[in-house]
Amino acid sequence: MSAEREGTERHAHPTVGVYLRVGAALVILTVLEVGVFYVPAFHVVLVPVLLVLSSAKFTLVVMFYMHLKDDNKVFTFLLGGPLVIAVGVMVALLFLFLGALTLRGAAGAG
Amino acid sequence: MSEARGLTSWLTTTDHKRIGLLYFWTALAFFLIGGIEALFIRVQLAQPNGQVVSAETYNQLFTMHGTTMIFLALMPLGASFFNYMVPLQIGARDVAFPRLNAFSYWVFLFGGLLLNASWFVGPLFHAGMLNVAPDGGWFGYANLTERQYSPGPNIDFWVLGLQILGISSLAAGFNFIVTILNMRAPGMKMMRLPAFTWMTLVTQFLIITAFPVITVGLAFLMFDRFFGTHFYVREAGATPILWQHLFWLFGHPEVYILILPAMGVVSDVLPTFSRKPLFGYPVVVYSGILIGLMSWGVWSHHMFAVGLGPIADSVFAATTMLIAVPTGVKIFNWIATLWGGDIRGTTALHFAVGFIAMFIIGGLSGVTHASPPADLQQTDTYYVVAHIHYVFFGGTIFGLFAGVYYWWPKMTGRLLDETLGKVHFWLQFIGMNLAFFPMHLIGLLGMPRRVYTYAPELGVGTLNLVSTIGAFLIALSILIFLVNLWRSRTHGQPAPNDPWGGATLEWSVSSPPPVYNFSVIPTVTNRLPRWSTERHGPMRDPPAVPPEPIHVPGGSWWPMVAALGLPVLALAPLTQTLWVAFVGAALLIAGVYAWAFQPFEV
Amino acid sequence: MPRYRLWLLTVALWVAGCGGPFPQTTLEPRSDFGSVIDQLFTGIFWWAAGVFLVVETLLVITLIRFRHREGRPAPKPTHGHTLMEIAWTLAPAAILVFVAVPTVRTIFATAGEAPADALKVDVIGHQWWWEFRYRELGLVTANELHVPLGRAVQLSITSADVIHAFWAPPLGGKRDAIPGHVNRIAFRADRVGVYDGQCAEFCGASHANMRLRVVVDSDSGFGRWATVQLAGPAAPAAGTLAERGKAVFARSACIGCHTIQGVSPGVIGPNLTHVGSRATIASGLFPNDSAHLASWIADAPALKPGSLMTRMKPPLKDDDIAALVAYLASLK
Amino acid sequence: MTAHTSMGLDNRKMAFWAFIGSECLLFGSLISTYLVYKGKSIVGPYPPEILNIPFTSVSTFDLLMSSLMMVLALAAVQRGDMKWGKIWLFSTALLGLVFLGGQVIEFTDFVHKGLTIGTNLFGCTFFVLTGTHGAHVTVGVLWLLTLWVRALQGKLGPANAMTVEITGLYWHFVDVVWIVIFTVVYLIQ
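Protein chains in written order, with my numbering: chain A, -15 to 94; chain S, 839 to 1440; chain H, 720 to 1051; chain G, 3 to 191.
None of these hints come from the bench; they were simulated from the model. Do not take every clue at face value.
In silico lysine-lysine, DSSO-like type, Cα no more than 30 Å apart, as pairs [unchecked claim]: (1) H:K795 to S:K1027; (2) S:K1027 to A:K53; (3) H:K839 to H:K1036; (4) A:K57 to S:K1027; (5) G:K85 to A:K53; (6) G:K115 to G:K42; (7) G:K42 to A:K53; (8) H:K1032 to H:K1051; (9) G:K157 to G:K85; (10) H:K1051 to H:K1036; (11) G:K157 to G:K88; (12) G:K40 to G:K88; (13) H:K795 to S:K1260.
Whenever a hint applies, use it, and build me the whole structure from the sequences.
What follows is the structure in structure tokens.
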């Protein structure tokens, strides 16, 4: 056996207690999201607040329920690489389509 | 442990080597079909006002030529080598998921057959033969492909066929990523992987990320055509440009999906025949990864004429030009590999060097249309046709032929004839330059691409005739290649384990390898295991007879049954018959369940 | 003419044996827009040619010098060289700077802006013909674009159906005609003449037959042309064949698609008010003479696959067609 | 069966993560399209007139809870507690079914209010995006029920914990996608 083989997989899964606490956090975050949506005072910052809250939920599920936090980094890479590309593509497309007016600038085509 | 024989054993096979051969022969058949389509195109254009085929037929020919060559010939020829060589190169007994591998092949075959069936099934749609093949171009620009402008089933075949082929590529992508990351022999660290395996890995990452995008684009088109949505319909407030973005988001990575495997082959062939390690191996690997990454940031350079605005044009021009850097680095490393070597001019080396020489031209003309204003004169003309053929023919096909001549003895146990091989090479080399070089001029002189006819006043008749002659030279060279393949069955010299003195693991087993590949899984201690360098001697080849019995997994029908569900599902919208959809779904689900619960040990 | 172009053309002529003229060449620009693109391309071409020569020479020398010879000692297993790697990473990057800077400069210079006094023309692509609308002059024509010499022209390009691309190579680069979008190009023609062009984006069955001509007139010539176009249609003299043709036109399906000012309002096909003044018919496919016009009217799809102008049902009688031809030819 | 692998990781699990990576691009493209076409509909109904936030919040809550059930099922199977393993697996599938039922009610309601897949760009993008998600949920429910039946037959035990873990990966990913859709489609109008 070469040194590269690191033996069988370590099962460093969280305990049921952690699962329950994460579940509670997810519920609270969802309540916050819906709450923010209904409070007029928040409407100025609605989009950034919602994006932060939903990323938090996303991260919690991926880290704890999908065990990425303690699992092999290869899995993080297999999710993270494409995720970065997907987000990059999304931002670029929004820029190309919605930013068209400013982007076109001198071209003035629109 | 002896190999099963007979038709059933091939239909149910899960052996990566057999699947590799199936891929090879199927892709070769499609390559010939695509080539015949190309000859029709060239005959039509041999002179102005050509009358050989009608406008409608011509549009089907160039659409099917592009689609066939890209999805049914070049990608699967690459896949044939992934299948056959990657497990051998990493010291594995098979891929990670042998049945998924069979599934990929069958899906590819059925998808290809569905696409090509469109040539003949016109009468079923109350149209003539040769009337309902896809005719919207391999790029299928909306809104021309919408039902309003393409009412027939032509585009339906294209959309459904590509969706099916995408599933095949995706399944193979997951399979090979896991195989390469997780099935390596002891000691085969990532930076000891042969360059071909590395480029395969990068290619698979591009496949699993790029294909979902085209899947979505095609799904929108499918919904527009069948279910009355308006994803690309201007009248509903949508824009057909969305299709172009989705298509090229996939399309540019696709270009590298086609070229990276060929680069990998060349990176393996050059060291073997110059008897020198690949120069700058880590740099070649990293530049391959970089090219893969950068291919995600350049797609809009296919759309400079769309009018995205000066800022977007500048950004995409810059990223596109930057890609030339890692590509150039690879070329310099290949030349440096040859430099100081003891170069044996085998056919495989001829093709590998031909790849470099021709790919340089394709790369440089690529830089000329990375510049948006210059591209405004070049895009959609024959200049770009010249460019893509220097990249795909001079590049990918030369690279893959290098692979064929290099690995044929390993795959069949017979050597190909070197004299015929060199005749093939030189004819193909001259033919391709005759066929494609004049296209640069034809384009600059103002002939657009995808035209079934052109006016004599354009002044490009003679150049087109030269190009047509070149195309027939290529056809002749391919005939010689086929003769060579055929003759090798009976006249080819039996191949020893290692006819070339290769450094990588595939040469340490018999030709063709036993069904279990390695009698003993090798333990790898360095990057060139079979060579002696200043630091180490060659490793010992595994014994010819396994010291203990090796379990070889049996075959399975279920991957094929599940795969068959997909074309049947596709028939439902094509024929507007609902019950067919249920049959297809039932086949797919039954196949998957039976497969999941069938005992299968690797 | 820059030297490289002479060289290129020489090769082309030598191969072609006939040697042009090349009415759609991109290598002899006839406008400011065409010229800046040409200069940019020339620069990049020389860089590319230089790199091509250096690298291919290096490759060939390597192959000759290190070809297999009996008794050659085993090669030294060199694995790489960091400095060289850095060098051949930086070298192409440096060259690209020389390509990128003029590129970006030209992008902004050719972004489609024209001076306020530019002649503005709307270009609308149709399957498979071109419509040109001169907004200020209030005139509409098809397939033959007239522009004055030396005056800036701004084209606003769009499409009525699928995506096309407007391209008149001697006058500059192409731009896509996209339904729902307007793209602009601007140019100033610098030589009187007739320049050919054609649709450059695949747009269906008759994509190859969607041609166009740009006529660059002298200032006075353009004025004369515009005056003629602005006038109403010529009324055929009583008792002539042309007058009968007008009657045939008015009672047959023609009026559903074609405009003749004061006669019919159709907008699906090209405006025919002054069709007799055009040099070609069927979007640049055929010369505008009575033989071609007659066969075009009789069966357009036979001459132009997929043409929306279908065969007349019931077919027009030969003498009706002759009358129609006379009428259309009279519409100077 | 865990064959010895070079990274010491389970093949199927690795393939599944690659699949999930691939799915990121699938949903990324769908969501991009939704955003690009946001506000481009020429005719109504428009999102604010039709989206029912309280209803969908309950669906979201339901799907989050199903994810919690899923991890509890995994934990139970891993420690060999097949009684609770079966209970949690079934609850997960049940909550998935409830979510699907909610989607059916939502879609029917929209159609009654005049929004079909062909009505406008909002209809196109909304139905294809959430429909694709719903199709994923459907596959997940079938998968979970299959596991549950296997468990009832006594064919699922701690030795198959990896199968349950992979099912969980899929299920959580479907949940995560919904988290994004809920925010992007429903809350950011």
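Outcome of the hint check:
1. H:K795 to S:K1027: Roughly 24 Å between the alpha carbons, so the hint for K795 (chain H) and K1027 (chain S) holds.
2. S:K1027 to A:K53: holds, 25 Å
3. H:K839 to H:K1036: Given that 30 Å is the threshold and the Cα spacing comes to 42 Å, the pair is violated.
4. A:K57 to S:K1027: holds, 16 Å
5. G:K85 to A:K53: holds, 28 Å
6. G:K115 to G:K42: Cα-Cα ~19 Å, so holds.
7. G:K42 to A:K53: Since the Cα atoms of K42 (chain G) and K53 (chain A) sit roughly 40 Å apart, the hinted pair is violated (cutoff 30 Å).
8. H:K1032 to H:K1051: holds, 28 Å
9. G:K157 to G:K85: Holds, because 13 Å separates the two Cα atoms, which is no more than 30 Å.
10. H:K1051 to H:K1036: holds, 25 Å
11. G:K157 to G:K88: Status holds; Cα separation ~12 Å.
12. G:K40 to G:K88: violated, 43 Å
13. H:K795 to S:K1260: Holds - the C-alpha atoms of K1260 (chain S) and K795 (chain H) are around 28 Å apart, at most 30 Å.
Hints 3, 7, 12 from the earlier list are contradicted by this structure; the remaining hints agree with it.
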